[in-house]
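Chains as they are written, first to last, in our numbering: chain W, 3 to 183; chain A, 84 to 413; chain Z, 283 to 568; chain C, 10 to 293.
Be a bit skeptical, because a hint or two may be false.
[Said to hold, decoys possible] In silico SDA-like links for lysine to any residue, alpha-carbon gap of 25 Å or less:
1) Z:K440 x Z:V462
2) A:K333 x Z:L324
3) Z:K317 x A:G355
4) C:K181 x A:G355
5) C:K80 x C:D14
6) A:K88 x A:E188
[Said to hold, decoys possible] Part of the chain Z face toward chain A, derived, beta carbon under 10 Å:
7) I288
8) K294
9) I300
10) V370
11) Q373
12) L377
13) K401
14) W473
15) G475
16) Y479
17) E529
18) R541
[To be verified] For each label pair, taking beta carbons as the anchor points, the in silico distance ranges come out as:
19) Z:N495 x A:R404: 49 to 57 Å
20) C:E22 x Z:E512: 43 to 51 Å
21) A:T192 x C:M272: 20 to 28 Å
To be clear, the hints were calculated from the coordinates, so they are not data collected in a lab. Where is the CB? At the ideal position from N, CA and C, for every residue including glycine.
Letter by letter, the chains look like this.
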Amino acid sequence: MSVVEANKTAQVGVPDSWEPKVIAFCCHWCTYTGADLAGLNRMNYPANVRVLRIPCSGRMNPQYVIEALNKGCDGVLVCGCHPGDCHYVTGNYYARRRMMIFKRLLEYEGLEPERFQVRWISGAEAGKFRDTVMSVVEQVRALGPLNLTREIPQFELPAVPDGQEAFNAVPEEVMPEEVSA
Amino acid sequence: MILTKQNLMPLLRNLTGAERDVFVPTQVDGVSKFALMDKGTVPDFEQVNTTMPPKDLLFPQTQKMYHFDVDANGSYRIHEYDESREQLVFGIRPCDMRSIVCLDEVFLTKGFVDEFYANAREKLTCVCIGCASAAETCFCASMDVDPQLAPNADVMLQDCGDVYNVIAQTPKGEVEVAAWAPFVEEGVVEPVTCEQSLAVSMEGVVDKLEGMYDHPIWDNLSIKCLNCGTCTYLCPTCHCFDISQDMRRKDGVRFRCWDSCMFSEYTMMAGGHNPRPEKLERVRNRFMHKLNFFERRYGMSLCVGCGRCVEKCPVALDITRLIDDVAAIG
Amino acid sequence: MSGIEIAHGCAKGERPLIPQVCRVVEITQETPDVKSFRLQTLDGRKPFDCQPGQLGMFGLLAYGECMFVVSAQSDEWVQFTVKKVGLVTEQLHALSVGDEVSLRGPYGNWWPVEACKGKDMLFISGGIGLPPVRSFLLYCLEHREDFGRIDLVYSGSKYDDLVFKEQLFDIWPNEPDMHVHVSLYHEDPQWDGPVAYTAPFLETLELGPEDGNRVAVLCGGPSLSRTCREALVGVGFDEGHIITTLEMRMKCGVGKCGRCNMGGHFICLDGPIFTLEEIASMHSDV
Amino acid sequence: MTAQDTIRARARELLENGEVTTFIGWESGRFENQTTPLVITDASDADKLVCNEYCVNTLAKYARDVVTRGKVGMVVRGCDSRGIVRLINDQVINREDVYLIGVGCAGVRDRKTGELLKKCAECRHGDPVICDEMAGDAAGRPQPSERFKEVHEVELMTQPERSRYFEGVYAKCIRCYACRDVCPCCTCRECFVDQRRENWVGKQNNVAENRFYSLTRVMHIADRCIECGECERACPMGLPLMKLNRKVIKDLNDLFGEFESSMTLDEEPGKLITYDLVDCEEFM
């Protein structure tokens, strides 16, 4: 049973309205401009990705990755300049080593490899940015929700007293227009 | 009344009903603690006391206090959690029962009753099993705890070799023992006296500590301490907690969790001033609280002699050696 | 001549850790980093009744809560004065009128108003130490006839750091038999008054103990408390007649979470108000 | 003249002639075969010092707390000396602040079971890597068999199995921070755990926060870990922490070349704070 099937079973309790949340840490000098270029060229890529600008991939602190996964993201993408193009000359060399070690450590701890990916995307490669994002989102969608913080699953509420309407646990943005019966 | 040790397991299986959680001392994944009794658990009544203390049942390490969210017209609403359930702890030792007395004093007296603790305490039934033999680190007899007696337990099972002497000590205990009819017989047996290799004399220690605030003994002691939180988290009577919140967008949960006076940010104030900045102040404060401050405030020692900190301290810092050194000082 | 009798461990209450949601009704900017907030419950009532000097755990549900003295109160609101020093206070300073906050209390003991009746009052404070002292001062001004001469010695590092300037310079000096002495630690273009630290400034004022008929109320940082204590004892004050309110990190506010202890006493429950005589007998790591 | 007597004599001598202000060693504890660290300042206490096969504590980190009082004398075996090198290379202490008396170590035993401790069975350097003088001959221990055996076992598990396994590990953690406080590599002035204003890691004890703390610590000591195994020994809940540290060391060696940290004072910096243009590329 391949990894994806193994997680398919985990998806039993997932509402079909579930949308994966992927956060992309993009280096300001290359990938962020690449993403901007993708926007200029009207390339559309899934809205599940949230782009976060960081000065350089070298600034990528492994704690951000775990914090993102803990706070409800289902996938993390870290993008930086190609080795040699770094505006700070050595930023992505350090990042390369750190991310290679950290990626293996997370996989060692049981995180599916597709959930944490690193790519070098330069300022001109708008197409590559779109393709990367689309492939990451599809892979994460196949894996299903991560919800690392099962202990606080959307706050199982205490009995709501006296007639106040129950708090709807599904996050607002992806709340479908009318909640099907 | 008498309960033979063979009847113990059938009795336990009979007790695990749906409406009540039964906790027994057992090994969970290599850690000895009080865990929920279900089909698979093998209770371990031979081991004297568990590594993790039973205070987790009354005062969990992380306890959700209330959940807050925003209602229709945008103002906050607070929903209090009451996660307390009917619980029975079977096989708690007299030293841990004595630690519950200390926790009751802290949480239920002095003008404010902590309702989270109160709810849990009310729904807890304690079946205490006396100790026939002691571990090498046990010194409860020196801290006025009788290894075969626990006055505040609901049911006391005194270990008499191959049978237990069943004594119901509270109304709740009577109801409990009444339900054990098929497993117990009439009769009284003399409990085994429990020999303890480790003993300290607390004679005059509390008063001597009063004037020893600047004594060099604290320097020699605190130098070897790592200031980790092991002793405070394993101690059955340590009750310090921190309050924090976990947010998701506009709603969140405010919880309280164990905290340790050994951590540097425990008394760190916003302006940067810390009344206990170094290891010396923190180690002194912890031992003074155990042996003197609590005695002055509540009239009982906060150390019950269970020996968990003596056993599990990474650098073998030993409260009994401190008591001996203080007693030895003129 | 025994010291002033102070009640300890006298606060009571149910469900101590559960706050009530209150609304900010008025914010006054005292200094660039100090603001005063007036709070009411959502339906416009006073959150709780409290004695002068008692504490309240005021904060934001999303960020945390801190312990402040109720620096003033009326029938409809309670007021807290907050200096911006940390995470929660920063968020409090970002509040605007009408926002919702969390508040629980009242905690701690109160100023010994009964025991100080008929005595002359000497209030000494520095910087952000004025709000706790002000809660007692306002009580004395409301019951003016019960107290003799009132002196307020207040000092700050810069003119901008002086809190409640309007009351300090306009209202209080005109109160009957009340003398306000303000000094700054350093020269300041906007200030032509005395420039001295609190303790030396106190000595220049020759305010003696009036053989037991004057009570000193002290509140300030660790250094101010130490130097002023020496100055007062030097002038002849008996330590039982010097009252102070202590400050430590507090989380529960009801003497259970264990961190605000001085020896066996919890500052949030047995204090925060003690006489210096009582503090001397405790194991002090303040 | 056993090593213990030499140490006692030298400690008394060093303290008497004022060459060191404090001396760090072990003393016997209350129970049989129990030892506990000891810091003495006057020569008369030198006879309390013991050095036998039950000295389980690694003393390196105490040098940091005591160095402010003047020069420190210390007994060092393999793990202690590498801890001292680590502190010196991290500029926590200076080489001339410490006077090191080396002792060969054949591994220490558990006081109850008498068996060799797990950290000593896996230890690769029993003899001190630096010292000012040797008090007893080097033990010359054979290299342990399989350094990364445990890591292989976990790597062979499938992904869901590993996920459940580490879920179980982090469910046991009680966040007492003994692993951080005993580690010679963990010498930050203010640890990220205590930075409440930034609130990196929440104080609640659940699997997510425990994993956050553990992964961060592993990454912080990744290329500096001296494999002394003290974190595993100090953990009251028995978490297999060396499985994580050794996994990172194995990856570092595989990817960036064999390197053992804290062996010499003039060692090259760790693999994560240097780079190489020809590292293998997997993110293209």
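Status of each hint after checking the structure:
no., hint, result
1, Z:K440 x Z:V462, "holds, 17 Å"
2, A:K333 x Z:L324, "holds, 18 Å"
3, Z:K317 x A:G355, "holds, 20 Å"
4, C:K181 x A:G355, "violated, 33 Å"
5, C:K80 x C:D14, "holds, 22 Å"
6, A:K88 x A:E188, "violated, 34 Å"
7, I288, "violated, 16 Å"
8, K294, "holds, 5 Å"
9, I300, "holds, 6 Å"
10, V370, "holds, 8 Å"
11, Q373, "violated, 12 Å"
12, L377, "violated, 14 Å"
13, K401, "violated, 28 Å"
14, W473, "violated, 24 Å"
15, G475, "violated, 26 Å"
16, Y479, "violated, 19 Å"
17, E529, "holds, 7 Å"
18, R541, "holds, 6 Å"
19, Z:N495 x A:R404: 49 to 57 Å, "holds, 53 Å"
20, C:E22 x Z:E512: 43 to 51 Å, "holds, 47 Å"
21, A:T192 x C:M272: 20 to 28 Å, "violated, 58 Å"
Checked against the numbered hints above, the structure breaks hints 4, 6, 7, 11, 12, 13, 14, 15, 16 and 21 and satisfies the rest.
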